[in-house]
Each structure stands twice: as C-alpha cells, then as structure tokens.
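Participant: Top line first, the protein sequences correspond to chains A and B.
Per the working numbering, the first sequence starts with residue 1, numbered consecutively.
Per the working numbering, the second sequence starts with residue 1001, numbered consecutively.
Read the hints as simulated data drawn from the structure, not as lab findings.
The reader is advised that the hints may include incorrect statements.
[As the list claims (entries may be wrong)] Restraint-style ranges between C-beta atoms, simulated for each label pair:
#1 B:1293 - A:85: 48 to 58 Å
#2 A:201 - B:1036: 35 to 45 Å
#3 A:197 - B:1209: 51 to 61 Å
#4 A:384 - B:1270: 34 to 44 Å
#5 A:9 - B:1301: 54 to 64 Å
#6 B:1033 - A:9: 49 to 59 Å
#7 A:9 - B:1116: 25 to 35 Å
#8 A:185 - B:1033: 33 to 43 Å
#9 A:201 - B:1387: 48 to 58 Å
#10 A:196 - B:1267: 50 to 60 Å
Think of the CB as a built atom: it goes at the ideal place given N, C-alpha and C, for glycine as much as any other residue.
There are 2 protein chains.
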Amino acid sequence: MIPLAAGAGVADALLSLFLILLAAKIGDEIFKRLGQPTLIGEILAGVLVGPAVLGLVEPSEVIDVFAELGVVFILFWVGLETRIHDLLGVGRSATLVGVLGVIVPFAGGYAIAAARGEDAATSLFFAAALVATSVGITSAVLIGLGALETRSGRTILGAAVVDDILAMLVVAVASAIAVGGSASIAELVVVGAMALAFVAFFALGGTRFMRRYPGVLKAPRFSESPLLPAVILCLGLAAVAAEIGLAAIIGAFLAGMMVAETKEQHPIEEEVAPLYAFFAPFFFASIGLQLDLGSYARVPVIGVITLVTVVAVVTKVVGAYAGARGLSRPEALFVAVGMVPRGEVGIIVAGIGIEAGALGDEAFAIIVGMAVLTTVVVPPVLRALAARLPDIPSAAPAPR
Amino acid sequence: MIPLAAGAGVADALLSLFLILLAAKIGDEIFKRLGQPTLIGEILAGVLVGPAVLGLVEPSEVIDVFAELGVVFILFWVGLETRIHDLLGVGRSATLVGVLGVIVPFAGGYAIAAARGEDAATSLFFAAALVATSVGITSAVLIGLGALETRSGRTILGAAVVDDILAMLVVAVASAIAVGGSASIAELVVVGAMALAFVAFFALGGTRFMRRYPGVLKAPRFSESPLLPAVILCLGLAAVAAEIGLAAIIGAFLAGMMVAETKEQHPIEEEVAPLYAFFAPFFFASIGLQLDLGSYARVPVIGVITLVTVVAVVTKVVGAYAGARGLSRPEALFVAVGMVPRGEVGIIVAGIGIEAGALGDEAFAIIVGMAVLTTVVVPPVLRALAARLPDIPSAAPAPR
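Take the sequences, apply the hints, and build the full model.
Facilitator: Have a look at this one:
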C-alpha cells in the first residue's frame, strides 16, 4: 500500500506510538484497580508490547525522543511545584544525601565488578550505572502521593540534582579511562564547574529574573498564551543541559522552577497537564521496552541480577539515609528509599558503557534487570512510608 | 561531552525541536502583528532555520513524526467541531467539489509534464502531486477564521475527504505504472473500496455508536480522564488509515467526529488544545524545512515553478468552483480557494514519486516550490473572502 500519510516510516511510528499509549493506559487502569502505583503498570505494558514478550514494538529513536519528552515534562511539572527558596531550605541535607547516596553505591558496584575480575574501565561503568537515581520515576511517585511539597520530597529533588552532577562526572571518568586509559583532572573540573554554573545560574539568577518580571511569559508584546513560551523555555534549558553533558531533565526542572515564580504558574500547570498525560506513558513504557527476556535465559544471570539489585538497593538506602541528617527517622527513610529507583538513568549509563566498549551484552542485561527491578519495587514501599511523613498533605495538585 | 540525557541522538533531537518551536513561535507572533495568518510565519520560520537559509535544523524522521502529529491533532480538532449530520448535509456538493477539484488539476499537471516530454509514469506522478489538497493547512485557516461551522467550511472538509481518496487512487496507479508498467483495475477497486468502507464505517457506524453510548470515554470502569481514551482513539484510527494507504489525518478527523458525539466533547477540546498548540508548529515549520533554495539556483526552474503554481491554482479553483453547485457565489469562491493549498500532501506525493524512480530532483524541487507557494498565498485570500460568507460567526472556539 502507499501510505499518503508521509512515508512508511511515519505510518509505522504512528502505529508504535498508538500501541504503546494503548498498552500503557490499560496497564495504568489495571494497577489503579489493584491499588498499586500506576507507573508500574505502564512499565509492565512496555515489557508486554516490547521485544521481551509480544514483540509488537521495537525500541527506536522516535520512541526514545517521546520517552525523553515524557520525563522532561514530568520534571518540568515538578519544577512548577517547587519554589527555589524551599529547595535551598533543604540544601545541606540534600547535598549530603546526594553525595553519600553516590559514594556508597559506587563502592558497592565497583566491588562487585572487581570481584568478578573486570578491569578498571568496566568496573567504573558498572559502578556508574549503579550510582544514578532516576529522579523521573521518583518524581512521578511523589506527584502521585502529593508528597512533592513535603520536606522529604524536596530533599529528594535537591539530592537528585546533586546525584546527577556526580553521576555525570563518574561517567566522564569512566569514558575517559575506557577510551584513552586515563582521565584528565583539569577536564573533569571544567565539566563539573560548567554543570554547577549552569544549575546555579538558572536556579538562582533565572528564578530571580522571573520574580522581578513575573508577567514576562504573557507580556502583551510577547505572546497571547503563556504555554508555548513556557514550553520553549523548558525545551531550551533541557537541550542545553543535555548538550553540556547533564541530564536534560535537570534543565526542565530549572525551567519549571523559573516559571513557578511567574504570574502564569497556574494557567501553565493546567495547560502542561495534557502534555504530561500524553508524553509520560512513553517514558514509563520505554523502560519496559528495553527489557529482553532472551538475555536472561541462563540461570546464573538471574542470580547475578538479584545480587546486583540487592546491592543497589542496600547501598543507596544506607548512603542516602546516612546523608539525611536533620530529618526525622520516617523522613530520612522516605528519602533513602526514594533515591533507590535507577530507571532509565542506569540503562542510559550502561548504553554509554557499551558504546565505549567497556560493557558487554551480559553486563547490559544485568543492569537493565537491576534498573527495572529497583524501579518496580520502590513505589509501593514509598507509598506505605508516605503515610508516616509529618507534613504529607491530604490532597495535592496532580496532572491527571 | 557525555549527554546523560539518553544518547547524543536524543539530545540533538531535543535541540532541533526547541529551535523549530522557538522559530515558529517568533514567526507566529510577527505575522500576528502584521495582521496576516500566523501559519505563514511558521512555514517561513521553517524555511529560515532549515537547509534553505540557516541550516540549523535538518529534516529527520523524528521531525516528520512530530509534524504528522501536528496535522493529526489539527484534523482531530476539526473533527471535534464537526457533526456528521452537518457533513452529510453538504455531501452532494462536497463530493462534486472533490471530484472536479481532482480531475481538472490532474489534467493540467499531466499536460505540463507531457508537454515537457516526460513519460507516462513521470507525468502521472507530476499530475498526482498537483491533485491533492492539504486539508491540514486549510483546516488551520478555517479554525483561525472561525469558519469551520459554516456551510462552505463543511463543504471543504467533505471535499477534502473525497479528494484524499481520489488522490490515493491516482498515486496507486502512478506507482503501479512506475514499478510494473501497468495498473491492475481489480487491485484499484479493492484499494478504493477499502478506503470508502473505512470512512463510511467510522463516519456512520462510529458516530452512531458514540451517540448510543455518549459516556463511554469516561465510564467509571474505563478511565478517570477522557483525554487519553480520546487521543488513543485518534492515534489508532490515524495509524489504521495510514496503514491502508489513506492519509492518517482522515482517521484523526473521523475520530474527532466520533468524540464530538460524546458527553466529553468540551472537556476534551480543552485538554486537546495544548497538544494542538505544541504539535501544530512542527507541521507548519516542517513544510518550510523541505525547501532547499540551492535547487532553485537555475533561473529556468523558477519560471517553471511559477507556471506550475499558476496551473495548480487555476485548475483547482476552476474544478472546485464548478463542483460547488447549490452554494452562493461567495461561498463557492471560498470553497474553491480553500481547496488550493497543496502543502505537505504535494510534497509527500513527490517523495513517493522519487522512491518509485519516476521523479527526479528537479521535479521534486518544482513540486516543493509549488506546494509552498500555494500554501503561503491562499490564507490571506481566504481571510478576505470569509467576510462575505453569509453564515460566518463573529466568534468561534479556537485551540489557542
């Protein structure tokens, strides 16, 4: 047939997007009825339609972009709900949670890989994949629980920013060693300083600018509707963050915090909600799409995945809990568990490791298994822990 | 640098999407201030950032998919504003407009190509590219004018459906001749019957089903918010339409008409509006992205483009006007001019012609030039003609 749509590629992409959205919606509704976090249903929907089970949808660049926009709009939403001064209020404990929550899993990951006899570059990548928290997953859970504006919720967000910068540095070191054999300290300092400068510039300067000109997104000379200016700001900061080596979602989060200081915060929330509802399922489902059960046919791999997952959970909980000084015990536990999901970030780091020649297919399969397991296990636990938070509201805004 | 975002491809895609959205928004605002239809500003923004001028953004599959979703949401919106019984009310004149509006441009296009000494397959493709109206462009103009619910607006929509089915058949014949040397009548009948059956099934059966179960999109056992079920229906029908060789937007239009019969029409309109606002600029800008001024360096090509554009305009106006019986003269003129834009459809047909080996680069450049010119010229004329319509409302719902 001759698809007048726009070439066969576009027609097939439409079909894939339709299948993912349909499966994710069904998974979402089933898990809602089970009283479980719906994002697990959406991840499992991705497992179902993806290569692991039915093979209806293959991972592709188009799906990657939709997934990325999904997590970008999640973090933009989170930014919209976050005031910079609240975030600065938890700055010290968030930094400690981020730093210790990176160091301990890094040590654990490196120890496992070294014990299996891997070389330094491979061990570094393996450790790096265990380091990075998926703030997208945790954020979606926090939104669902209405816990974004609790002290522990804010601590998780701040820690996730620190975590992301540190993870980027670890990946930079691992890449440098895998490619050239050694890492240049000077280069690392530049990379780290650029990331910090980017975050500080928009978190402090950007929000101050918006407080001074709170009507800028809907200035009569500028735009009729505030939605597109806000979305353009979000995509722009996301793209810049990605280009300088940070996660795009850090840019989206900063953009959200800037918009939160304007007069248009609430109308923009209403208009962003449908974009969130449309794109987020691609983010969750695409994590499931990465899973290929064929890789797990050999029993020893399953044993290793279990071991790695346990290490990933325990090291992150211990590290983050140790960092969560100044919070009550229920809050510290909530923060520590909230940092556990590795989600798409672990998978992305493993992908970079494959491209650098430092990781093989088996290591990738192990990391994907760990990433999916940590992501699926955490939400119900967080939900149970949220009830014990001192400042959890009874109802909060949610995008859907 | 190591983009933690999700691989360099995704980071670059984010940057392209950002640049397109930013440029389109600026173009939109400039043309709003000039009192001109904003979609022209968005098309020219695509010309500016694309290969023709700055070269910041290259056409890609990701952008194609975003553009396709743009026109899908435009037509979904149009469907939401269209009641099937109103469309059936203009059925006879719409069919005539569609049929004559295909035959006359087809004859004109074939004559030009044959006069230039092209063979049958090439002449057929050239004629096919002149045939198909871009209902996406016309719809966006109708939305902007609040003219969707006028008798002439509905006639254009109905005629565009007929036009699309006929164009698909012409392309099928042209492809068959280009590849195999002849077209099988039996196969053409099957293709045409399938397309008609698809349209009739959802236009008549689908809307009847929705009238009978108007609460289905928000049934308590089915879904909390009606947005995703509606969008899934839209993507599903779009994908099926594309897979059977029709334009995806026909499916989206049918889905919109079905949703228009439910109780959720208005909440869905509100929630679809941000999706429209986000995706539509990619549709307009991507038309401009196709333009490559390098192809027009030789003066004779510009002469041919002018000639072909004049033929494309005159034949469509004459054919459609002749078909618009039973309408007043201002209405018939509005309908005839409304059918003129070839937009993305002409470009897509030309692309199929290149893949089939029937069109060369020069023919493609000529068709792209004609498509962009017919698209840019029409909106201001339509706006002027709209004032003379007997049933134009003073204000109408618009997605932004």
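Participant: All hints are to be evaluated individually against the structure, with a verdict given for each.
Facilitator: The hints, checked one at a time:
{"no.": "1", "hint": "B:1293 - A:85: 48 to 58 Å", "in the structure": "holds, 51 Å"}
{"no.": "2", "hint": "A:201 - B:1036: 35 to 45 Å", "in the structure": "holds, 37 Å"}
{"no.": "3", "hint": "A:197 - B:1209: 51 to 61 Å", "in the structure": "holds, 58 Å"}
{"no.": "4", "hint": "A:384 - B:1270: 34 to 44 Å", "in the structure": "holds, 36 Å"}
{"no.": "5", "hint": "A:9 - B:1301: 54 to 64 Å", "in the structure": "violated, 28 Å"}
{"no.": "6", "hint": "B:1033 - A:9: 49 to 59 Å", "in the structure": "violated, 37 Å"}
{"no.": "7", "hint": "A:9 - B:1116: 25 to 35 Å", "in the structure": "holds, 31 Å"}
{"no.": "8", "hint": "A:185 - B:1033: 33 to 43 Å", "in the structure": "violated, 53 Å"}
{"no.": "9", "hint": "A:201 - B:1387: 48 to 58 Å", "in the structure": "holds, 50 Å"}
{"no.": "10", "hint": "A:196 - B:1267: 50 to 60 Å", "in the structure": "violated, 44 Å"}
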